[in-house]
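J.: Listed here are the chains, written in short residue letters.
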Amino acid sequence: MSIEAVERIKARFTEAVEEAHSRLGDDTVRVHRDSWVEVLEFARKILGFDLFVDLTAVDYLGREEELPRFEVVVHLRNMATGKRIRIKARVPESDPSIQSLSALWKGANWFERECHEMYGILFKDSPDLRHLLLYDEFEGHPLRKDYPIDKRQPRIPLLASEERRFSRPADETPHGHDPRVKE
Amino acid sequence: MTVDSHLDLHTDYIEVMMGPSHPAMHGITQIKLYLDGETIISADVEPGYLHRGFEKECEDHRWNQIVPYTDRLNYVSPLINNVAYIMAVEKLCEIKPTPRCEYLRVILSEMNRLTDHLTCVGAAVMELGAFSGFLYFVKARELYYDLLESVTGARVTYSWTRVGGMRWDIPEGFETQAYAAIKETRRILKEIDGLFTKNRLFLDRVVDVGVISREDAISYGITGPFLRSTGVAYDVRKAHPYAAYSEVEFEIPVGQNGDCFDRYMVRMAEMEQSMRIIEQALAKLPGGPVNVDDARYIYPPKQAVYTTIEGMINHFKLVYEDVHPPKGEAYGYAEGGNGEIGFYVVSDGGNKPVKCRVRPPCFPIVAALGKILEGHMVADIVPIYGSVNMIGGEMDR
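Chains as they are written, first to last, in our numbering: chain A, 1 to 183; chain B, 1 to 397.
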């Protein structure tokens, strides 16, 4: 569909493009993660892919040893021409980080927050990487392949204010019997 | 809107937690509000209360077993999710469904689009205090729930698509009932239109409230009625026609201002278009089988299972191992009730996906919500949040 866009990215970033194909009609470019922001800025500003469709990651745990474990995948759409493109970058397990796209698309931040908590991929220069769907105390990254599907999370300790409320004897609780009233 | 902090009665900002379980909230989401009096200075939206690990569960299930999970994403239009997911898998397998199946998918999807819009607008007006209005919407929605129940046997969670086709064909007499339901819906929608569209009480709450600009909407990745209310005529059904949408005529209603009222108008106009599509598709509905003739994906007829060894082996293989899409990746997408619903599936050639990512249409809208709310009054949260049509199932997954 947008083979032209793929070709232009290949021509512009000859060094960075590792793979490009249009299998099943999905135009795909895989680039080196060091050129991640440059390629996406080119796609956004020059090629006009302005709609931020999706950002996610895939965990290829256990594929050949030397290949990086994760792949960050972005889907974009050009609102003027209706063309679509998928841009990917491989991220190794030893240093799971990649540049953030929040400066290019406003919508990128939430997708990155989700990707960060689910896969533990660090998006550098992101304005906000708090947990989105999970709670703050959640341990581990649930969508990684080595996170067991039936793993249970530890109980969260009570906050200091909750500690006071629950450790009080029953007859002193605000809803219970208050001895001072009787006197 | 600026806040004059030099006034005598100026007080400190206060922090208010709205939700997660608040009667006027459309779903289970917490909004952390920083207020100056009644004006919202900033709003921090915190979703996730309905997270149940959709993607993790998908990676542990076979391709056809995921269909029931997709029901639970957007539970007011499950069939559209079914269709979008199956389209992604069929893209991976390079299957082209039969013409009858394509038409049935269009008809059932549009019925679900009607239920989605009816629920969204109905709930939004109910949260504004018009409970009787909600009953009108639900009355119309019930017609389609009945129709879909006659096809699928379920009122909400249909799980009706399979790789290569559908679970079953529509029952006899479906067309007549559908035409009757459409006639009745048109009458009810006219009543609803009379109740709200020029109603001063309603207009005061929604006109010029929750405005988002075209550029912002696109940058956030917003699609669907929310984007169309800003004047961008992007509809997956027209821009990238799938199933039989290229063979029916319909229009894309667009708004102008991108406020809550435009979103209401876009949804109301889309319902009429959906009914037009159903009528045309029913009139053109081709005959023939609903499933492709491919033993790798579709169960053999029972006659063959009980009388031939090949049929029995085929049946066993499908029951025990399910389908094996070839190695690769595909992004399949459809126009959901809220916008583009996409599935990014990765297969390693096995019977379970390596990755099944759903791109939830309301996710970018909720991401933009905090920005939209800034400068509004607390009471405006109700109509704005109502027009977002946040669906907890697909938002939190």
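Where hints are given, some of them may not hold.
[What the hints assert, rightly or not] Pairs of lysine-lysine, DSBU-like flavour, derived with a Cα cap of 35 angstroms:
1) 96(B) - 10(A)
2) 96(B) - 83(A)
3) 145(A) - 302(B)
Keep in mind the hints are simulated off the structure, nothing from the lab.
J.: Each hint should be assessed against the structure and marked as holding or not.
T.: Comparing the hints with the structure gives:
For the hint linking residue 96(B) to residue 10(A), the alpha-carbon distance of about 32 angstroms falls within 35 angstroms, and the restraint holds. A C-alpha spacing of about 22 angstroms is found between residue 96(B) and residue 83(A), which places the hinted pair at or below 35 angstroms, so the restraint holds. Pair hint residue 145(A) plus residue 302(B) does not hold up; C-alpha atoms about 39 angstroms apart against a cutoff of 35 angstroms.
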